[in-house]
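> In case you want the letters, here they are:
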Amino acid sequence: MAINFRKNAAKALKQDDIQINLKNVVSRLRDHRSAAFTDAALFEQLRLECKSIRERAVFRLPRLLEQLEGNLLRNGIQVHWAETTLQANQIVLDIMQRHQATFLVKGKSMVSEEMGINAFLASHGIECLESDLGEFIIQLANEKPAHIIVPAIHKNRKQIASLMHKYFPEMPYSEDIDILAAKARYFLRDKFCNAPVGMTGVNFMVAETGTLCLVENEGNGRMCTTVPPVHIAVTGIEKVIERLDDLPPLLSMLVRSATGQPITTYVNMISSPRREGEQDGPEEVHLVLLDNGRSNICGDMELQETLHCIRCGACINHCPVYRQIGGHAYDTVIPGPIGAILEPQKAGMDRYGELTQASTLCGACSEVCPVKIPIPKIINRLRWEAVRQDTCNVSGSCPARKPLEAVIWKIWSQVCSNPGLYRLLAQLVTRLRNCIPAAIWQGWTIARTPPKPARTTLHERLKAKGIDYE
Amino acid sequence: MNDTRKAILNRLNHYQLKYSGIESDAKAKQTDWGLEEKVKRFTARMQAVQAEVHEASLETWPEVLQEICHAKAINNLLASPSTRWGKEIYADAKRFPSLKRFQQPVEAWKTDFFNTIEAAVTGSAGGIAETGSLILCPDMQEPRTLSLVPPIHIALLEKKRIYNTLSEAIHQQNWVQTGMPTNVILISGPSKSADIEQTMTYGVHGPKELIILLV
Amino acid sequence: MKNVLSEKITTVYFYGTCLVDVFYPQAGVCAVELLQREGINVIYPQDQTCCGQPAWNSGYRNEALTVARTQLALFPKPIPIIVPSASCAGMMRVHYTEMFRDEPDASGAHDVAGRIFELTEFLVDVLGITLTDLGDPIKVAVHASCSAQREMGCATKMTKLLQQLCHVEVIEPENNAECCGFGGTFAVRQPEISSAMALEKVQTVLATGAHCVVSQDCGCLMNIGGAMEKQKQVMPHQHIAAFLWERTKG
Ligand code: SF4
Numbered sequence: 001m002a003i004n005f006r007k008n009a010a011k012a013l014k015q016d017d018i019q020i021n022l023k024n025v026v027s028r029l030r031d032h033r034s035a036a037f038t039d040a041a042l043f044e045q046l047r048l049e050c051k052s053i054r055e056r057a058v059f060r061l062p063r064l065l066e067q068l069e070g071n072l073l074r075n076g077i078q079v080h081w082a083e084t085t086l087q088a089n090q091i092v093l094d095i096m097q098r099h100q101a102t103f104l105v106k107g108k109s110m111v112s113e114e115m116g117i118n119a120f121l122a123s124h125g126i127e128c129l130e131s132d133l134g135e136f137i138i139q140l141a142n143e144k145p146a147h148i149i150v151p152a153i154h155k156n157r158k159q160i161a162s163l164m165h166k167y168f169p170e171m172p173y174s175e176d177i178d179i180l181a182a183k184a185r186y187f188l189r190d191k192f193c194n195a196p197v198g199m200t201g202v203n204f205m206v207a208e209t210g211t212l213c214l215v216e217n218e219g220n221g222r223m224c225t226t227v228p229p230v231h232i233a234v235t236g237i238e239k240v241i242e243r244l245d246d247l248p249p250l251l252s253m254l255v256r257s258a259t260g261q262p263i264t265t266y267v268n269m270i271s272s273p274r275r276e277g278e279q280d281g282p283e284e285v286h287l288v289l290l291d292n293g294r295s296n297i298c299g300d301m302e303l304q305e306t307l308h309c310i311r312c313g314a315c316i317n318h319c320p321v322y323r324q325i326g327g328h329a330y331d332t333v334i335p336g337p338i339g340a341i342l343e344p345q346k347a348g349m350d351r352y353g354e355l356t357q358a359s360t361l362c363g364a365c366s367e368v369c370p371v372k373i374p375i376p377k378i379i380n381r382l383r384w385e386a387v388r389q390d391t392c393n394v395s396g397s398c399p400a401r402k403p404l405e406a407v408i409w410k411i412w413s414q415v416c417s418n419p420g421l422y423r424l425l426a427q428l429v430t431r432l433r434n435c436i437p438a439a440i441w442q443g444w445t446i447a448r449t450p451p452k453p454a455r456t457t458l459h460e461r462l463k464a465k466g467i468d469y470e
Numbered sequence: 001m002n003d004t005r006k007a008i009l010n011r012l013n014h015y016q017l018k019y020s021g022i023e024s025d026a027k028a029k030q031t032d033w034g035l036e037e038k039v040k041r042f043t044a045r046m047q048a049v050q051a052e053v054h055e056a057s058l059e060t061w062p063e064v065l066q067e068i069c070h071a072k073a074i075n076n077l078l079a080s081p082s083t084r085w086g087k088e089i090y091a092d093a094k095r096f097p098s099l100k101r102f103q104q105p106v107e108a109w110k111t112d113f114f115n116t117i118e119a120a121v122t123g124s125a126g127g128i129a130e131t132g133s134l135i136l137c138p139d140m141q142e143p144r145t146l147s148l149v150p151p152i153h154i155a156l157l158e159k160k161r162i163y164n165t166l167s168e169a170i171h172q173q174n175w176v177q178t179g180m181p182t183n184v185i186l187i188s189g190p191s192k193s194a195d196i197e198q199t200m201t202y203g204v205h206g207p208k209e210l211i212i213l214l215v
Numbered sequence: 001m002k003n004v005l006s007e008k009i010t011t012v013y014f015y016g017t018c019l020v021d022v023f024y025p026q027a028g029v030c031a032v033e034l035l036q037r038e039g040i041n042v043i044y045p046q047d048q049t050c051c052g053q054p055a056w057n058s059g060y061r062n063e064a065l066t067v068a069r070t071q072l073a074l075f076p077k078p079i080p081i082i083v084p085s086a087s088c089a090g091m092m093r094v095h096y097t098e099m100f101r102d103e104p105d106a107s108g109a110h111d112v113a114g115r116i117f118e119l120t121e122f123l124v125d126v127l128g129i130t131l132t133d134l135g136d137p138i139k140v141a142v143h144a145s146c147s148a149q150r151e152m153g154c155a156t157k158m159t160k161l162l163q164q165l166c167h168v169e170v171i172e173p174e175n176n177a178e179c180c181g182f183g184g185t186f187a188v189r190q191p192e193i194s195s196a197m198a199l200e201k202v203q204t205v206l207a208t209g210a211h212c213v214v215s216q217d218c219g220c221l222m223n224i225g226g227a228m229e230k231q232k233q234v235m236p237h238q239h240i241a242a243f244l245w246e247r248t249k250g
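The listed protein sequences derive, respectively, from chains A, B and C.
1 is the number of the first residue of the first sequence in this note's numbering; add one for each residue after it.
1 is the number of the first residue of the second sequence in this note's numbering; add one for each residue after it.
1 is the number of the first residue of the third sequence in this note's numbering; add one for each residue after it.
Bear in mind the hints are in silico, worked out from the structure with no lab data behind them.
Bear in mind that the values here come from a model prediction, so they are computed numbers and not experimental data.
Treat each hint with caution, since some may be false.
[Claimed, not checked] Calculated lysine-lysine pairs in the DSS-like style (CA-CA distance at most 27 Å, straight line): (1) C:249 <-> A:463; (2) C:8 <-> A:11; (3) B:208 <-> A:158; (4) A:463 <-> C:232; (5) B:18 <-> A:372; (6) C:230 <-> A:23; (7) A:7 <-> C:230; (8) A:465 <-> C:8; (9) C:8 <-> A:14; (10) A:465 <-> C:77; (11) A:7 <-> A:372.
[Claimed, not checked] Some chain A residues near chain C, calculated using beta-carbon distances under 7 Å: (12) 276; (13) 320; (14) 429; (15) 443; (16) 466.
Glycine included, every Cβ here is placed at the ideal spot set by N, Cα and C.
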């Protein structure tokens, strides 16, 4: 079923509190980021380097995945492949059942959101407990994350305070952020200690060494990867990079673009489960590699740049459309500009094609993207794929070609490639300036007066002035 | 399972385009700040994220450690008896709070560990000046949770092992050639979160305090 | 290709754009006046229509190509083409090359693209124009369009020109880099979001307390101006060319 982005957006625009919270946080994220990149030339150089690293990785994807798998297996990490989210969920369920585990603690992972693992495991009587503070809040509220880095971006401290108070009535109500965080710590500590399984995402996988790299600030990710006897990492196949040397520049750009920090509190590089003689660390580490439409994005120079994304969220923070409506209106796992190009390609244009209209093509996204993904260009391309009649390169394509619209563009093109006709009509429009029916302006007039043509055209005026013409 | 793997790889191979990109050698120039500057940067970065940095010497560090334990009213201290630093600590055990050690796998005393240990002291495999990070490579002597579970983490770092950048550390420590340690952790400050209103709060799930002894 | 700037420039083409043609012709006339005052001979090909951007951005590439192709034929002489809109200039400079890449007229498109100048960019960088302010003291809010800021990188040229006018105080609205919500067909396809963006832009522009708002793009002006008018706010809006000409014509 196709989403109704326009309706969702209109609804979001009416929620004043969300609007205020969102705009506050977005502007902070923007400020933090720009403070982290004061040298424009250096930024440009670094992002060229990062772009070429990601490009090389995506071009060599099948080879790198095999190399990664070989090294992981050698290091003792078990590798599972999944075509679909259902398969990925099933793999996790099997591991859980094999260990007779009734719950797991989870670090922040967008791929696990994509899988809908919480609901899936719940239907098998297994509980997933979000441990990232933002995700924890979202889980209490029974919502979906509204941002890939700051899941609870749309909530202010008051809302979070009452939410926490509702679930932990034994703890006194407080709007102090330190106390709110302490409540989560207190509640989750026990869970980390007793959890049979921890689940996380992965930020980068290094093929050359067979290493899973995770970044985070809170320590919950490390808890999930270190304390329970079993660690399951889930991620998309595109997260692989070729060499360990590729890691430092990407890491630096990821973190600075996301939050403006020089580095996260923790960078966790896992190359093996607990080894003989070690006193802690998981006995088993599993990696689930999810495709779910990603491999279909390969094979087209322009479109496959979508897979270069390192999920920093900068394009989201800088998107003027996201800033107005927040994440939920997109009705996707990944919102914002990257979501608008990724989700339609993964799940089909027929479902998410409308998201390609969620952009003014202002270019703020590609200006900040640390791997230089030309998002507006890809949006433009997808808009074409949505209406073109010949072949089509994206799944579920051609859904947006409406006969009336197609006819209008045909006529427009006839007029504009026929100068005499164009001049005549342009003149006609100026002469009829007072009798243009307001209805043709459609939604334009919600907030604006209808545009009014001038009395005469520029063509006429310059001709009258005797300007040279040919 | 194997079919899935094959299907994904086949599809990728089928779609694969010829790579014509240029290998960028235009890596950001490696800076070398010199020892003093490295220490300065490391310290400034760490302090900016609420970590404590204390300077000491090879002779004076036990004394500084003792003072810290005293100032923080630490009742027990988790430390390995077999590391270079640990040996010295155990040799002079009476100046420190009650010393605890990892005698058995974490499973055997998890609840105790989570609920009673107040502080842990570890060594480190190096530091990074550019970002203000500690490099830890936990092993048999110093398990992974040492720097994670106790509310206070005290780490000893030799100044001469502060690298300019992460890239430099990767090369100097030969991780690619000799194989990655089971777990490498970069730590830059105490645990923190800005998930609520992008306002920073410290001590979320990991240690609430990070204290570094530079020797 | 010979650099279009390698010889002294005496003549240029003027590409008015369809929006200026029908809605803001005065801006086009003023732009021509400014150029002529600098001793430049201006050619205005009467057969010009639209650069093709609306269809291109809507995914109707064939239709866009048909229209763009007729524009390519308008500029046979190897002289600069001046466009009083960063958005259309961006279309012709950046996107023509891309859209004609696999077409037989690729080289023609490339040639035209290389000769495109946004008006203020041309006045500042090529002509090195000097302006004398003849108007009364006034506060002016500048709205930098997205194309001017990013695609064309010419937003600063507008400010540079205004700063030459000694009685003009230039004010940048808060959050100036944010899109005003016009986005071509976006305003009609997603009118709710577009309206919210426009209203916010209006607020920040009004908050400057300026007497008027100027921009390099008439699309933004139509959006911001229309939103102000709907709210019965009376801050005039003007294309930069019209503003400059009126302040300096004497
Ligand atoms: S598209 Fe670029 S800016 Fe957006 S999340 Fe991905 S890497 Fe970050």
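> Which earlier hints can't be squared with this structure?
2, 4, 9, 11, 12 and 16
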